[in-house]
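Please take these sequences and the hints and turn them into a complete structure.
Number of protein chains: 2
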Amino acid sequence: MITLAVDCMGGDHGPDVTLAACRQFLNHHPEARLLLVGRPERLQGFAHERAEVVPASEVVGMDEPVEAALRRKKDSSMRVAILQVKEGRAQAAVSAGNTGALMAIARYLLKTLDGIDRPAIATQIPNMRGGATTVLDLGANVDCTAEHLLQFAIMGSALVSVLNDDPQPRVGLLNVGEEAIKGSEEIKRAGELLRAAAARGDICFHGNVEGNDIFKGAADIVVCDGFVGNVALKTIEGLASMIGGFLKEEFSRNLLTRAAAVVSYPVLAALKRRMDHRRYNGAALLGLRGLVFKSHGSADALAFEQALNRAYDAARNNLLERVRTRVAHAAVLPAAPDMASVPGATPPSPH
Amino acid sequence: MITLAVDCMGGDHGPDVTLAACRQFLNHHPEARLLLVGRPERLQGFAHERAEVVPASEVVGMDEPVEAALRRKKDSSMRVAILQVKEGRAQAAVSAGNTGALMAIARYLLKTLDGIDRPAIATQIPNMRGGATTVLDLGANVDCTAEHLLQFAIMGSALVSVLNDDPQPRVGLLNVGEEAIKGSEEIKRAGELLRAAAARGDICFHGNVEGNDIFKGAADIVVCDGFVGNVALKTIEGLASMIGGFLKEEFSRNLLTRAAAVVSYPVLAALKRRMDHRRYNGAALLGLRGLVFKSHGSADALAFEQALNRAYDAARNNLLERVRTRVAHAAVLPAAPDMASVPGATPPSPH
Numbered sequence: 000m001i002t003l004a005v006d007c008m009g010g011d012h013g014p015d016v017t018l019a020a021c022r023q024f025l026n027h028h029p030e031a032r033l034l035l036v037g038r039p040e041r042l043q044g045f046a047h048e049r050a051e052v053v054p055a056s057e058v059v060g061m062d063e064p065v066e067a068a069l070r071r072k073k074d075s076s077m078r079v080a081i082l083q084v085k086e087g088r089a090q091a092a093v094s095a096g097n098t099g100a101l102m103a104i105a106r107y108l109l110k111t112l113d114g115i116d117r118p119a120i121a122t123q124i125p126n127m128r129g130g131a132t133t134v135l136d137l138g139a140n141v142d143c144t145a146e147h148l149l150q151f152a153i154m155g156s157a158l159v160s161v162l163n164d165d166p167q168p169r170v171g172l173l174n175v176g177e178e179a180i181k182g183s184e185e186i187k188r189a190g191e192l193l194r195a196a197a198a199r200g201d202i203c204f205h206g207n208v209e210g211n212d213i214f215k216g217a218a219d220i221v222v223c224d225g226f227v228g229n230v231a232l233k234t235i236e237g238l239a240s241m242i243g244g245f246l247k248e249e250f251s252r253n254l255l256t257r258a259a260a261v262v263s264y265p266v267l268a269a270l271k272r273r274m275d276h277r278r279y280n281g282a283a284l285l286g287l288r289g290l291v292f293k294s295h296g297s298a299d300a301l302a303f304e305q306a307l308n309r310a311y312d313a314a315r316n317n318l319l320e321r322v323r324t325r326v327a328h329a330a331v332l333p334a335a336p337d338m339a340s341v342p343g344a345t346p347p348s349p350h
Numbered sequence: 000m001i002t003l004a005v006d007c008m009g010g011d012h013g014p015d016v017t018l019a020a021c022r023q024f025l026n027h028h029p030e031a032r033l034l035l036v037g038r039p040e041r042l043q044g045f046a047h048e049r050a051e052v053v054p055a056s057e058v059v060g061m062d063e064p065v066e067a068a069l070r071r072k073k074d075s076s077m078r079v080a081i082l083q084v085k086e087g088r089a090q091a092a093v094s095a096g097n098t099g100a101l102m103a104i105a106r107y108l109l110k111t112l113d114g115i116d117r118p119a120i121a122t123q124i125p126n127m128r129g130g131a132t133t134v135l136d137l138g139a140n141v142d143c144t145a146e147h148l149l150q151f152a153i154m155g156s157a158l159v160s161v162l163n164d165d166p167q168p169r170v171g172l173l174n175v176g177e178e179a180i181k182g183s184e185e186i187k188r189a190g191e192l193l194r195a196a197a198a199r200g201d202i203c204f205h206g207n208v209e210g211n212d213i214f215k216g217a218a219d220i221v222v223c224d225g226f227v228g229n230v231a232l233k234t235i236e237g238l239a240s241m242i243g244g245f246l247k248e249e250f251s252r253n254l255l256t257r258a259a260a261v262v263s264y265p266v267l268a269a270l271k272r273r274m275d276h277r278r279y280n281g282a283a284l285l286g287l288r289g290l291v292f293k294s295h296g297s298a299d300a301l302a303f304e305q306a307l308n309r310a311y312d313a314a315r316n317n318l319l320e321r322v323r324t325r326v327a328h329a330a331v332l333p334a335a336p337d338m339a340s341v342p343g344a345t346p347p348s349p350h
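If you read the sequences in order, they're chains L and R.
Residue 96 in numbering that gives the first Met the number 0 sits at position 97 of the first sequence, with consecutive numbering throughout.
Residue 136 in numbering that gives the first Met the number 0 sits at position 137 of the second sequence, with consecutive numbering throughout.
Do not take every clue at face value.
No copy labels: a pair is met if it fits in one copy or bridges any two.
Stated by the list, open to error - Straight-line alpha carbon distances no greater than 25 Å define the calculated PhoX-like cross-link-like pairs of lysine-lysine that follow:
id: 1; residue 1: Lys187; residue 2: Lys247
id: 2; residue 1: Lys85; residue 2: Lys73
id: 3; residue 1: Lys271; residue 2: Lys215
id: 4; residue 1: Lys247; residue 2: Lys271
id: 5; residue 1: Lys72; residue 2: Lys110
id: 6; residue 1: Lys110; residue 2: Lys85
id: 7; residue 1: Lys215; residue 2: Lys187
id: 8; residue 1: Lys73; residue 2: Lys110
id: 9; residue 1: Lys85; residue 2: Lys72
id: 10; residue 1: Lys110; residue 2: Lys215
Since the hints were derived computationally from the structure, they do not count as laboratory data.
See below:
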């Protein structure tokens, strides 16, 4: 039996979406239990033999500063959900709340794994091969050293080996060219560390990849610093939204184009399905002593359920132990200077 | 009369494409002259009263290392084209060749303007407002200081004031959040410099922008370091190509969907037109003592003609003087440490 702790108050829509998703999830997973965390008066209507309400009196706002969420809201639904993981009552926590606050609270309560300087956020982006490319970091760390990028590669490999059931997924280093001589000094050094780790058998290193390779699926995992990852992710969201808008505009221009839209409905529906980011909802916070998954704030019930699925699969396949083992196996990981106390290192929202 | 020097040998297709574009360009611009640079035997067939062949015996390969192109090919078509600008025989040079080599040779021959530490590459990306957002740098500089980003903002403002006929275009700083406290230390410092420059009236600063804002057209100009800009540009190319591929696949799936494609032809053609990157071909190399424009290597004749148009407009509107004046007006530009000699600072290709 796997138990997930769900921050039912987070996200743009709160319990309206999260509870609907929880019900679907329980129907689909007879072996799962849920701890529904939030204001009891909002959650008590939900009756299910495998669900239990865990009260939390406060809610972290979507735009609330990280410091305020961390220091002043000691009874927030986000914090109480993570506490369930820390205290062993749940195997993973899921929240659609403020990313920065979630990362800060998770890090504060759970701490990082031995050998990991900084947790990272990993998400999946659909690619041309019909699968998805896992990209990390997506904004938790805006200044990364080569050692951090190596740690991301190792954690990402553990995650993808669980998600894709592939023991040795290929890691690509995001760069401005495929040749090893490209990029900044730090990126070139990261390339050296990744090659050395591959030689030791800790990861499978594909080499440098460029922005377009995310969609080609040239590598299963793409590692980059959180600034670059965040810009890439938001650029993708922006372009997809613009193209969607253009399609809608052009198909509704006049009677003729509206007729074309009707005729093309199956095609447009198929396209929408293939591009549907809801299928890939649920970013993993990696490198902590406990599993935490982040749903997109604007998730609907289908998307939020997907984040629950992801957390469930991760817990069932013991992702935490896999990450721990991989990190330990990568034995003498070079130490990275801890920049957690650098003022700019607070995790920005990737969404 | 404006004279452009055209590297006719550059790009994936060489003279087949460049000469076709040159002929169209001359037909459309009765006030323009062209210097066709390249191997005479390939260019002599082109007869036009406003065109003249300038012989160059060598060609820089698309994948040729920058050092080799710079040091060993002293008579390359790229170099001879830029030489025409340096020696005053042309007001701008256009090439579809290797970006890294073009930037290195242009920088070596033309030198940078006073007050500019590093030239940058600026291109336009179509946005939802029906216009385009100018983004720089796109890969010439992989490690940028706050001072470099300020210089990009000033040069970008000069470029866009010419392109859009708008005296004070809005500059956005690419970041991981809109709040001024977001981002790395260097980015925060860049924000301070940009705010100070705006207070002095040197630029119009919109504030931080995120990846998706490139498409919203929140700012006319988006400044970022070359690593981030290159990743963003290639991510855009990759996603656009994937969506295009998906559309094609779904519309050719069976007889019914093929019929839908026929009915939808006007819609798909309109969409293609709106997304057509050829319309925005022609990136500006800014910060040099001469105008150089870079066409995409895979450009067809229509796209290459667009790059010629851009160079022509820039020359006609005296972009060089405008950049020089703006940089001089931004008087006491803080000095940036010159990293030109850092091994990693060779310009990678943005395409």
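Which of the numbered hints above does this structure break?
Those not satisfied are hints 1, 10.
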